[in-house]
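According to my numbering, the first sequence holds residues 1 to 168 in order.
Hints were generated in silico from the structure; no laboratory data involved. Be a bit skeptical, because a hint or two may be false.
Below, simulated SDA-like cross-link-like pairs (lysine to any residue); rule was C-alpha separation at most 20 Å, straight line [unchecked claim]:
hint, residue 1, residue 2
1, Lys69, Trp154
2, Lys60, Ile16
3, Lys60, Thr70
4, Lys113, Ala84
5, Lys60, Asp28
Derived Cβ-Cβ restraints for the label pairs, each shown as a range [to be verified]:
hint, residue 1, residue 2, range
6, Lys113, Ser34, 31 to 37 Å
7, Arg156, Gln94, 20 to 26 Å
8, Ala126, Asn95, 15 to 21 Å
9, Arg46, Leu157, 31 to 37 Å
10, Gln81, Arg52, 19 to 25 Å
11, Ala84, Ser149, 19 to 25 Å
12, Ser80, Gly125, 14 to 20 Å
13, Gln73, Thr4, 19 to 25 Å
14, Gly115, Gly44, 39 to 45 Å
15, Arg156, Thr70, 18 to 24 Å
16, Leu72, Lys144, 29 to 35 Å
17, Phe85, Thr48, 30 to 36 Å
18, Leu152, Gln94, 17 to 23 Å
19, Glu110, Arg45, 35 to 41 Å
Each residue gets a CB set at the ideal place from its N, CA and C atoms; glycine is no exception.
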Amino acid sequence: MSQTVCRLPVATPAGIFSAEYTARGLADLSFPLSDGEQSSPAEGRRPTPEIRRWHALTIKAVLAALAGKTPLQPPPLDLSQGTAFQQGVWLALQNIASGQTRSYGEIAAELGKPGAARAVGAACGANPIPVLIPCHRVLAAGGKLGGFSGGLEWKRLLLEREGAACGP
DNA sequence: CCCTAGCGGTGCT
DNA sequence: AGCACCGCTAGGG
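Assemble the whole structure, with the sequences as input and the hints as a guide.
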């Protein structure tokens, strides 16, 4: 269920992201591949008019995020592939304003599971839509940077662009 | 700084 | 059921 309908490129000054859509919305956003390998420009079925509309929103939102601005209207997100816990985490992440940060433990507590900081980290790592779902705004306790599946350089860059305090 | 124990969720066997 | 992962954390050298 909820298969990928098509994959489209998102060109930015920082490289070409890749967006995957299902009938429900944006389901995956990948960072630009490391120098060298190219992804095919597009894959899957030809985008429907609806998906083309969503994709325009995706492009705007990603560009805005990379510029440190808060995108006004992101596309609908299809998070149905996640477990209930992961969806809870991803929802909580979307409530962190640009420039703000939380710790993994704080997110866990917010979800009523105070001991689940590590699980929150795992859920952040499973976030299919980085940048738009701002998993980079979650730091380790004590203001330390913590990890980032897309590479810590991205985490630092995104935090810096939105003027967040990140680490000593 | 390092190391250790304990933690919750997830996926594989 | 068991087990081995993890973007963690608190506590102790």
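Structure-based check of each hint:
1. Of the pairs offered as hints, the one joining Lys69 and Trp154 holds, with about 16 Å between alpha carbons and a cut-off of 20 Å not exceeded.
2. Proximity of Lys60 to Ile16 is assessed by CA-CA distance (about 14 Å); at most 20 Å being required, the pair is judged to hold.
3. Taking the CA atoms of Lys60 and Thr70, the gap is near 10 Å; set against the 20 Å cutoff, the hint holds.
4. Between Lys113 and Ala84 the CA atoms are separated by roughly 13 Å; this keeps the pair inside 20 Å, and the hint holds.
5. A distance of roughly 16 Å separates the Cα atoms of Lys60 and Asp28; the hinted pair therefore holds under the 20 Å criterion.
6. As the Cβ distance of Lys113 to Ser34 is approximately 35 Å, the hint placing it in 31 to 37 Å holds.
7. At about 21 Å, the beta-carbon gap between Arg156 and Gln94 stays in the expected band of 20 to 26 Å.
8. One distance hint, 15 to 21 Å for the beta-carbon pair Ala126 and Asn95, holds here, with the actual separation near 18 Å.
9. As the Cβ distance of Arg46 to Leu157 is approximately 33 Å, the hint placing it in 31 to 37 Å holds.
10. A beta carbon spacing of about 23 Å between Gln81 and Arg52 agrees with the range 19 to 25 Å that was offered as a hint.
11. A hinted range of 19 to 25 Å for the beta carbons of Ala84 and Ser149 is consistent with their spacing of about 21 Å.
12. Hint check: Ser80 to Gly125, Cβ distance near 19 Å, so the stated range 14 to 20 Å holds.
13. Distance hint for Gln73 and Thr4: a CB-CB separation of about 23 Å, consistent with the stated range 19 to 25 Å.
14. Taken as a hint, the range 39 to 45 Å holds for the pair Gly115 and Gly44, whose Cβ atoms sit roughly 41 Å apart.
15. Checked against the hint of 18 to 24 Å, the C-beta distance between Arg156 and Thr70 comes to roughly 19 Å, which is consistent with it.
16. Checked against the given bound of 29 to 35 Å, the beta carbons of Leu72 and Lys144, roughly 32 Å apart, stay inside it.
17. For Phe85 and Thr48, the hinted distance range of 30 to 36 Å is satisfied, since their beta carbons lie about 32 Å from each other.
18. For the pair Leu152 and Gln94, the supplied restraint of 17 to 23 Å holds, since their beta-carbon distance comes to about 22 Å.
19. For Glu110 paired with Arg45, a C-beta distance near 39 Å keeps the hint of 35 to 41 Å intact.
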